[in-house]
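Engineer: Here's the letter readout for the chains.
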Amino acid sequence: MSVTYIDAIREAQLKLLQDDPRVFIYGQDISTFGGAFKATKGLADLFPGRVADSPISEDAMVGMAVGAAIEGMRPIIEMQFADFSSVAFNQIVNQAGTHYYRTGVPMPITIRMPSGGTAGSGPFHSQSMEGVYAQYPGLVVLTPATVSDAYHMLIDGVALDDPVIYCEHKYLYRWLKAESMAGERLPIGKARIARPGRHATVVAYSAMVHESVRAAEDLRNEGWEVEVVDLRSVKPLDTETVLESVARTGRLLAVGESFPWGGATAEVVSRVVQDGFHLLDAPPMRINARDTPVPYHPKLWSAHRPGQDLIRETLRQLLVY
Amino acid sequence: MSVTYIDAIREAQLKLLQDDPRVFIYGQDISTFGGAFKATKGLADLFPGRVADSPISEDAMVGMAVGAAIEGMRPIIEMQFADFSSVAFNQIVNQAGTHYYRTGVPMPITIRMPSGGTAGSGPFHSQSMEGVYAQYPGLVVLTPATVSDAYHMLIDGVALDDPVIYCEHKYLYRWLKAESMAGERLPIGKARIARPGRHATVVAYSAMVHESVRAAEDLRNEGWEVEVVDLRSVKPLDTETVLESVARTGRLLAVGESFPWGGATAEVVSRVVQDGFHLLDAPPMRINARDTPVPYHPKLWSAHRPGQDLIRETLRQLLVY
Amino acid sequence: MQLATQPKPAGLAGNTEFLRKVYQAMLRARILENKMSSLYKAGKIVGGVYLGRGQEAVSAGLGASLVKGKDFFAPLIRDQAGRTAFGEPLLDCTRTYLGSVLGPTRGRDGNVHRGRPKEGMPTMISHLGVQLSVVAGMLFAKRLQGTLGDRVGATCLGDGATSTGSFHEGLNFAAVERLPFVLVVTNNQYAYSTPNTSQFACADLVEKARGYGVGGLSVDGTDFLATVSVVGEAVRRARAGEGPQLVVAHVLRLSGHGEHDDASYVPQEMRSSHCGRDCMDVARTQLLELGAVTADEIAGWEEQYAEEVQQAVAQAQQEPQPDPDTEDWMAVSTHFPAR
Amino acid sequence: MQLATQPKPAGLAGNTEFLRKVYQAMLRARILENKMSSLYKAGKIVGGVYLGRGQEAVSAGLGASLVKGKDFFAPLIRDQAGRTAFGEPLLDCTRTYLGSVLGPTRGRDGNVHRGRPKEGMPTMISHLGVQLSVVAGMLFAKRLQGTLGDRVGATCLGDGATSTGSFHEGLNFAAVERLPFVLVVTNNQYAYSTPNTSQFACADLVEKARGYGVGGLSVDGTDFLATVSVVGEAVRRARAGEGPQLVVAHVLRLSGHGEHDDASYVPQEMRSSHCGRDCMDVARTQLLELGAVTADEIAGWEEQYAEEVQQAVAQAQQEPQPDPDTEDWMAVSTHFPAR
Ligand SMILES: Cc1ncc(C[n+]2csc(CCOP(=O)(O)OP(=O)(O)O)c2C)c(N)n1
Ligand SMILES: Cc1ncc(C[n+]2csc(CCOP(=O)(O)OP(=O)(O)O)c2C)c(N)n1
Ligand SMILES: [Mg+2]
Ligand SMILES: [Mg+2]
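Listed in order, the protein sequences are those of chains A, B, C and D. Under our numbering, the first residue of the first sequence is numbered 1, with each subsequent residue one higher. Under our numbering, the first residue of the second sequence is numbered 1, with each subsequent residue one higher. Under our numbering, the first residue of the third sequence is numbered 1, with each subsequent residue one higher. Under our numbering, the first residue of the fourth sequence is numbered 1, with each subsequent residue one higher.
Treat the hints with care, since some could be wrong.
To be verified - Reference listing, derived: stretches of chain C covered by chain B, where coverage requires no fewer than 3 residues with Cβ under 8 Å from a Cβ of chain B: (1) 55-68; (2) 116-124; (3) 128-136; (4) 140-153; (5) 170-177; (6) 319-332.
Stated by the list, open to error - Chain B regions said to be covered by chain D (calculated; three or more residues, Cβ under 8 Å): (7) 28-38; (8) 47-59; (9) 146-160; (10) 285-293; (11) 297-308.
Calculated from the structure, these hints are not laboratory results. The model shown is predicted, which means the values in this text are computed figures rather than measured ones. For every residue, glycine included, the Cβ atom is placed at its ideal position computed from N, Cα and C.
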């Protein structure tokens, strides 16, 4: 039997609801309908009242989660798409993100963000906002790439006493399958070697891990062994594991699906050169999406989003530098 | 007679209103009251109807500017504090920022953001959001550091056919004075050498330019000549001028007032190492604010915000690496 | 201010030309959307397809009451009929759904996310509610320019979108500025799967009007004559300087949220209740009864529109798709030396 | 649902104890705030000072109607009187204004940005309107936990803040969930310098109640007895399960927006009009008339509170200020190995 990435998210929520009476889920169309992506399918029946539909009010959804957390609950908020969290931006960064610092009272809320591009989704149903939220103090930003991480990191994220931005990738929802959810369970904040290698390090997260691993496979025939580090969370960011990898390979390529200014790739590169300048045999490189909104048409979209081919060709340059 | 940074902003708006009938200003308390910082003092009397008070509705303020720009106007929106633009985040990044790309119709709006920390302003009246907006395609993000730039860049920004996030620094409002507003007028997108040197390059913008120049002065007695590059705009970002400076000095320190994850300093460092790796004699360094909300108490605030002392001490490390 | 007024359709019954125009737009839109639905099911469209089935009367009634070239109209998800009545060419629709590079969005955005901002029709973004302030801003600009005249700006949204902060800020802004602004809320009982009971707590959304200090009109959106008349009255009032007007039309969404959705959450009783009536059927009956059209005429129109739709689809399908290599990938219009 | 009801204060007149308690809180707050104003002018406070002068009746009326340890109360800018009535110690105020590290925000935030979230009083952020949903969320949590009981959650805001999207989303959420939620809007005629005419277009903000499907009560906030009675009635209704209640109290802000602002934009006629009355004076007169207090008692209280305030200031001034070197600089509570 195989499990998909979205199954894992549903299963994690099922387990959380079962194990912890403080957990409830709140979002648009998530109760009887089971959510736009069916991440909560059937859960409202199993846990009456604990999987509830909200009005189209993202700002109030997050504000309500903050209030509920103060009173001892552990709300999971489902954004219908990450892109719509822009409407709740203030509540997320200024209300939830600052709460612990201002008051000393922890703020255990989890916001699930269906993220990233899929063909034909267009500018407002495709965004990757991890870099926007990671800029703000007080938020934990998770970016699971595997079925096992989708499962464990949601459970571990909800267990954290801090606001968690859980970026789940829509492209992986049904495309990514695994035998079971029981993969290696690393703690939050620890990166993972997704593919070992010795000639170059690719640092990626979420869907880009898979594009990077495929690009690495492409290069195997040519004798290159490329290591792929899956960050798993962009904040905290496990610089240590990245540096260890770069120490082995001497070369760095950071890959992210978000827009090209700033973001996780810039943060990774800056940290590596600050602490591991001497480890590098070549200038570090970055790949991001293009500097336009995410286009709707699949032909434009595939050229906007970093993919296997671009990563492979960039690696070729990096490897022979 | 001396002119302050805030005078320059007012004068620029006066000139814009005088010269271009398409310009109007909209924001909270900006008409008869002249704005929380008096940036529009007296303008409502001079230009009846063209300097108008808005309800406390940042989302609608920006949406209205978008509509007015479609109909041929060039609105200037005053946020009372940059921090409150978080409420208009969606309209800024998703409505204004994507408009030209989606429709081919330019979107000439300017959003003035009173930015940055001052003593006792606390977490919600001190933020520097340039890095948040620069991440999004379609926005131009200006960060003037001088009286002359405050004046010219506001005029040039309003003349652009694209949405401009004009980050004006509250700390500089009355503290920064010049003989006149007629400094060197560089085009938007061009950085400036704020102080020439040859031993290291500090890249900074807005208030941090002044802290950096002072730190550089401190080191002069010890025989170090530190060059300070004032980015002027963080998007577009003038990598060329930065690289030319690093080519001269071989050392790079990027300084920003915003939170430490991502942001302008990460973007600067990543660009320099990607294109100028061979120019560097030492690992590039970054200074940002600390990873907490901006604290209220002046003692905490001065330790949260990068300043002359921290920059000087970091430069010492960089110079002797 | 009046709540829930229903001006007598009597006046309109005389205006056969106008009623025929509205019905034609409804019919064209229905036929066009049926085609889009078929194409979706055949896998010919990337992304979703969103229909206005059951909402044609209110949407076309609004579009037809506005004057293209003067008024502003910001349609939303379910406004194919309003777009058609306002004068959007069928090709704008087929090109956008089929990804032709010659469409108004050039393949950069899809389906209902299209418009012609320079022709008074701003382009929607997905985030609900945000276009209220945009339309109000267009009117504000015209007033500043001294060319407002008797222009009106109108926009639409659903019951669900009334829960957004943007709806509130936008409507309040229009009210404070007393702009000639018309907001049509089509309460189709659901926001995606969410029923009214989980969305708002007032008895009729039109009760919000008074709290904003705007005019309010409520109408049975399945009743063609009443709907066209009420929407027209709202436009007339706004045009006459009576300030913003909120119209609430009550219907049932006669499709899924998108064509991927079977809407099985809508109970059978609701489907067969009064609000589940199809405004197209009601319109046909009412117009035939009035003697404003004949059945033969309608049959002729159906044939003609099916042909037009077929052609618009065929043309869009033959046109080039966007090419990433010739795209300029520019999100700003300024060419800066640096990026 | 009733609009603009003013329950007769008759019932209250009997409740001398309660009225005295409210007045005491008002007086304590006024004396405390006067002191803060002096300290501000003497340059002893970093950052702004924001007073609730003229709003004490409605604020204290609310705070005194709530039960600390059970109810929730999210005060806003001008709620020193409500805080005091609810039971916030004076030291929380002086420590926060004076930057003592022992205050509830430990110097991390200042002035009115303080609270005790774990004691039913969430801490405000500056962005207006956002605390509605927070308070509603606290109530929602208690209902999920099955411990809602007859608890009430209340919060306050100004006329200007009703223009925020957050106000709308928060109130709608409370209404949809029919929570025991009380929202007190104090219309003090201005938002900073912006008058009501540029802020909203309805005749009385209480007219919004119906559009949300919540109870609405409007009151002259300068009339102590009426105000205390109306606010109490709103709390009673919410407690009794009648759903959210919106109270609008009409007053004039008797200070600048902050102590840096001379409020010269407020016309003299308004200051000397009915709404410019000081609720403290009205309260005093009414209570004396009722025989609920004597002038001597009040004089005694004034002396006592001045002394208490003096002590709270002196103590806060002697306490340590925050030290950047011993700060942990942690924005999250989790200690991750990596950052
Ligand atoms: C701010 C925001 N949140 C969520 C969504 C996702 N979404 C798209 S349409 C829709 C339902 C809209 O319901 P309604 O306003 O009643 O319009 P209808 O579809 O019924 O015409 C939702 C939740 C969105 N587009 N914008
Ligand atoms: C979202 C947001 N925009 C702007 C501000 C700046 N601001 C602080 S108080 C204030 C006026 C508030 O007026 P009102 O709500 O009437 O309350 P009052 O001060 O009169 O008690 C403004 C504009 C803010 N705090 N939040
Ligand atoms: Mg609907
Ligand atoms: Mg006010």
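Engineer: Hint by hint, work out which the structure violates, then give me just those numbers in ascending order.
Structural biologist: Of the numbered hints, 1 and 9 do not hold.
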